[in-house]
Amino acid sequence: MTTEQEFAIIDQVLAGHQFAYAELVDQYKNYGFTLALKILNDRAEAEEATQDAFVKAYHHLKDFNRNSKFSTWFYRIVFNTAVSYKRKQKGVLQSIEKTDVRLYAESQSQLEKDDKKKFITAAMAILNEADRLALTLFYLKEHSLEEIAEITGMQPNTVKVRIHRARQRLADELTRLLKKEALTL
Amino acid sequence: MGKQPDISDDYLLNYLDGSLNPEEQNALKQTLISNQRAKERLEELRTIHTFLKSVRIEETSKNFTERVINRLHQPQSSGYLTRNGILLLAGALLTIGLASLLLSSGMFDTVSSINLNQLGIPNTYFERNLPAIPFNGRLIVNVVILANIALAFIVLDRTVLKPWFERRREMHQM
Chain A
1 MTTEQEFAII DQVLAGHQFA YAELVDQYKN YGFTLALKIL NDRAEAEEAT
51 QDAFVKAYHH LKDFNRNSKF STWFYRIVFN TAVSYKRKQK GVLQSIEKTD
101 VRLYAESQSQ LEKDDKKKFI TAAMAILNEA DRLALTLFYL KEHSLEEIAE
151 ITGMQPNTVK VRIHRARQRL ADELTRLLKK EALTL
Chain B
1 MGKQPDISDD YLLNYLDGSL NPEEQNALKQ TLISNQRAKE RLEELRTIHT
51 FLKSVRIEET SKNFTERVIN RLHQPQSSGY LTRNGILLLA GALLTIGLAS
101 LLLSSGMFDT VSSINLNQLG IPNTYFERNL PAIPFNGRLI VNVVILANIA
151 LAFIVLDRTV LKPWFERRRE MHQM
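Protein chains in written order, with the numbering used here: chain A, 1 to 185; chain B, 1 to 174.
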């Protein structure tokens with residue numbers, strides 16, 4: 001969908017054609033849901049947060065100034081909404097140490113011991129929401145660094161640095177977790 | 001073995017991102033042949049890079065769009081909470097006002113005890129007169145006023161100030 005088509009749909013919605021909004025929802029629901037899921041790690045909550053974000057976007061559509069793409073503006077709302085949900089989540093401050101224990105239990109019984117994916121997923125917990133989202137947006141390759149900055153609320157000139165640092169931290173954490181696992185064998 | 005030159009993580013990440021030019025890539029590949037530490041670090045970063053590259057778009061449930069459209073004109077739950085909060089706040093303020101008024105009129109100054117003998121219980125059940133319970137009306141009303149002031153502050157914060165600041169922040173961030 002081109003930017004002009006998006007703006008035409010927005011005009012229709014603002015003119016009172018509520019069902020035109022369904023086109024925007026269909027277009028951005030999966031991407032928005034993916035971003036919310038990266039922050040919340042819970043499908044049901046991520047879906048609820050994404051729906052909330054669409055409802056908020058609808059009610060504030062007249063405030064969308066069209067200086068950026070609708071998607072950039074909308075993903076910013078998804079990010080804020082998901083972060084609010086995260087704050088409300090019980091046990092949100094689960095430490096990486098606790099994650100390790102659960103993972104080891106799983107790895108002993110169900111998973112392959114060299115399954116690095118599980119360890120990286122656990123290591124992701126050390127990153128803050130903005131860094132996690134920036135990494136996701138960067139690897140999905142649909143947004144420029146400036147747009148990633150706008151969505152995550154980072155300074156445009158620091159996005160690349162933050163993405164580099166986040167990957168460094170993940171690599172360090174993965175090494176630590178693998179060493180720790182090796183000691184338990 | 002001689003000291004191996006450090007290759008920064010940023011440089012290795014730029015290599016993985018494909019940001020290095022062909023000459024830089026070749027130079028790095030040559031360096032990696034002899035620099036075991038950099039080679040290991042590259043593999044660590046490559047593991048993360050490969051994992052992140054595998055990120056895929058997730059799909060929502062089938063009736064997602066329909067549910068969003070249905071929710072568009074549902075009243076916001078926060079509206080109800082705000083209305084109830086304001087009613088509770090008005091109640092607390094009314095109680096504070098009434099209690100203060102009665103207190104200043106001296107209504108509780110004269111009552112100092114509750115005489116159980118005046119309650120109309122037949123004294124066939126008791127051999128002796130019942131005791132009078134000391135009662136400080138002013139103190140109790142003051143405690144009620146203080147509790148209501150605390151309640152009013154909490155309600156004001158939760159239902160008026162906090163939602164207002166959150167809305168302002170959201171508007172600012174959009």
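For the record, the hints were derived by calculation from the structure and aren't laboratory data.
Small disclaimer: the values here were computed from a predicted structure and weren't measured.
Glycine included, each C-beta is placed from N, C-alpha and C at the ideal position.
Mixed in with the good hints, there may be bad ones.
What the hints assert, rightly or not - When the alpha-carbon atoms are kept at most 27 Å apart in a straight line, the in silico DSS-like pairs for lysine-lysine are as follows: (1) A:Lys69 to B:Lys62; (2) A:Lys141 to A:Lys86; (3) A:Lys86 to B:Lys29; (4) B:Lys53 to A:Lys141; (5) B:Lys39 to A:Lys86; (6) A:Lys118 to A:Lys38; (7) B:Lys53 to A:Lys118; (8) A:Lys179 to A:Lys141; (9) B:Lys39 to A:Lys118; (10) A:Lys56 to B:Lys62; (11) A:Lys141 to B:Lys162; (12) A:Lys160 to B:Lys53; (13) B:Lys39 to A:Lys38.
What the hints assert, rightly or not - Which chain A residues stay away from chain B? Per the calculated CB distances, all over 12 Å, these: (14) Thr3; (15) Ala8; (16) Gln18; (17) Leu24; (18) Thr50; (19) Ala125; (20) Asn128; (21) Glu146; (22) Gln155; (23) Asn157; (24) Lys160; (25) Thr175; (26) Lys180.
As the list claims (entries may be wrong) - Which chain B residues face chain A? A few, computed with CB under 7 Å, are given here: (27) Ile7; (28) Asp9; (29) Glu23; (30) Glu44; (31) Val55; (32) Leu156; (33) Val160; (34) Trp164.
To see whether the hints hold, each was checked on the structure:
1. Proposed proximity of A:Lys69 and B:Lys62 is supported: the alpha carbons are some 26 Å apart, at most 27 Å.
2. With a CA separation close to 25 Å, the supplied pair A:Lys141 and A:Lys86 stays within the 27 Å bound.
3. Restraint check for A:Lys86 and B:Lys29: not satisfied, since their Cα atoms lie roughly 43 Å apart, outside the 27 Å limit.
4. Using a Cα cut-off of 27 Å, the hinted pair B:Lys53 and A:Lys141 holds, with the two alpha carbons roughly 10 Å apart.
5. Restraint check: the Cα-Cα separation between B:Lys39 and A:Lys86 comes to about 38 Å, which exceeds 27 Å; the hinted pair is violated.
6. This hinted pair checks out: A:Lys118 and A:Lys38 have alpha carbons roughly 15 Å apart, not beyond 27 Å.
7. Between B:Lys53 and A:Lys118 the alpha-carbon distance is near 15 Å, which keeps this suggested pair within the 27 Å criterion.
8. Restraint check: the Cα-Cα separation between A:Lys179 and A:Lys141 comes to about 32 Å, which exceeds 27 Å; the hinted pair is violated.
9. With a CA separation close to 23 Å, the supplied pair B:Lys39 and A:Lys118 stays within the 27 Å bound.
10. Among the hinted pairs, A:Lys56 with B:Lys62 is consistent with the structure: their alpha-carbon atoms are about 21 Å apart, no more than 27 Å.
11. Between A:Lys141 and B:Lys162 the CA atoms are separated by roughly 37 Å; this puts the pair beyond 27 Å, and the hint is violated.
12. For the suggested pair A:Lys160 and B:Lys53, the alpha carbons sit about 16 Å apart, so the restraint of at most 27 Å is met.
13. Between B:Lys39 and A:Lys38 the CA atoms are separated by roughly 30 Å; this puts the pair beyond 27 Å, and the hint is violated.
14. The beta carbon of A:Thr3 is kept farther than 12 Å from every beta carbon of chain B, the shortest such distance being approximately 18 Å.
15. In this structure A:Ala8 is separated from chain B by more than 12 Å, as the shortest Cβ-Cβ distance comes to about 19 Å.
16. The beta carbon of A:Gln18 is not kept farther than 12 Å from every beta carbon of chain B, the shortest such distance being approximately 6 Å.
17. Not every C-beta of chain B lies more than 12 Å from that of A:Leu24, the closest at about 10 Å, which undercuts listing it as non-interface.
18. With a minimum CB-CB distance of about 7 Å to chain B, A:Thr50 fails to clear the 12 Å threshold, and the non-interface call is violated.
19. No beta-carbon of chain B comes within 12 Å of the beta-carbon of A:Ala125; the shortest separation is about 14 Å.
20. The beta carbon of A:Asn128 sits about 16 Å from the closest Cβ of chain B, which is more than 12 Å, so the claim that it is off the interface holds.
21. Distance check for A:Glu146 against chain B: the nearest CB is about 17 Å away, which clears 12 Å, and the non-interface claim stands.
22. With a closest Cβ-Cβ approach of about 15 Å to chain B, A:Gln155 is found to remain outside the 12 Å limit, as its non-interface label requires.
23. Residue placement check: A:Asn157 keeps its beta carbon more than 12 Å from all beta carbons of chain B (closest about 15 Å).
24. Non-interface call for A:Lys160 relative to chain B: violated, since the shortest CB-CB distance, roughly 9 Å, does not exceed 12 Å.
25. Not every Cβ of chain B is farther than 12 Å from the Cβ of A:Thr175; the closest lies at roughly 6 Å, contradicting the non-interface assignment.
26. Every beta carbon of chain B lies more than 12 Å from that of A:Lys180, the smallest distance being close to 15 Å; the non-interface claim holds.
27. Violation of the interface hint for B:Ile7 is found here, the shortest Cβ-Cβ separation to chain A being roughly 13 Å, above the 7 Å cut-off.
28. Hint status for B:Asp9: holds, given a least beta-carbon distance of 5 Å to chain A, under 7 Å.
29. About 22 Å separates the beta-carbon of B:Glu23 from the nearest beta-carbon of chain A, more than 7 Å, and the hint is not met.
30. At its closest, the beta carbon of B:Glu44 sits 4 Å from a beta carbon of chain A; the interface hint therefore holds under the 7 Å criterion.
31. Given the 7 Å rule on beta carbons, the hint for B:Val55 holds: about 5 Å separates it from the nearest Cβ of chain A.
32. The interface hint given for B:Leu156 is broken, as the beta carbon of that residue sits about 21 Å from the closest beta carbon of chain A, more than 7 Å.
33. Because the closest C-beta pair between B:Val160 and chain A is about 18 Å apart, greater than 7 Å, the hint is violated.
34. This hint is violated: B:Trp164 has a C-beta 15 Å from the nearest C-beta of chain A, more than the 7 Å allowed.
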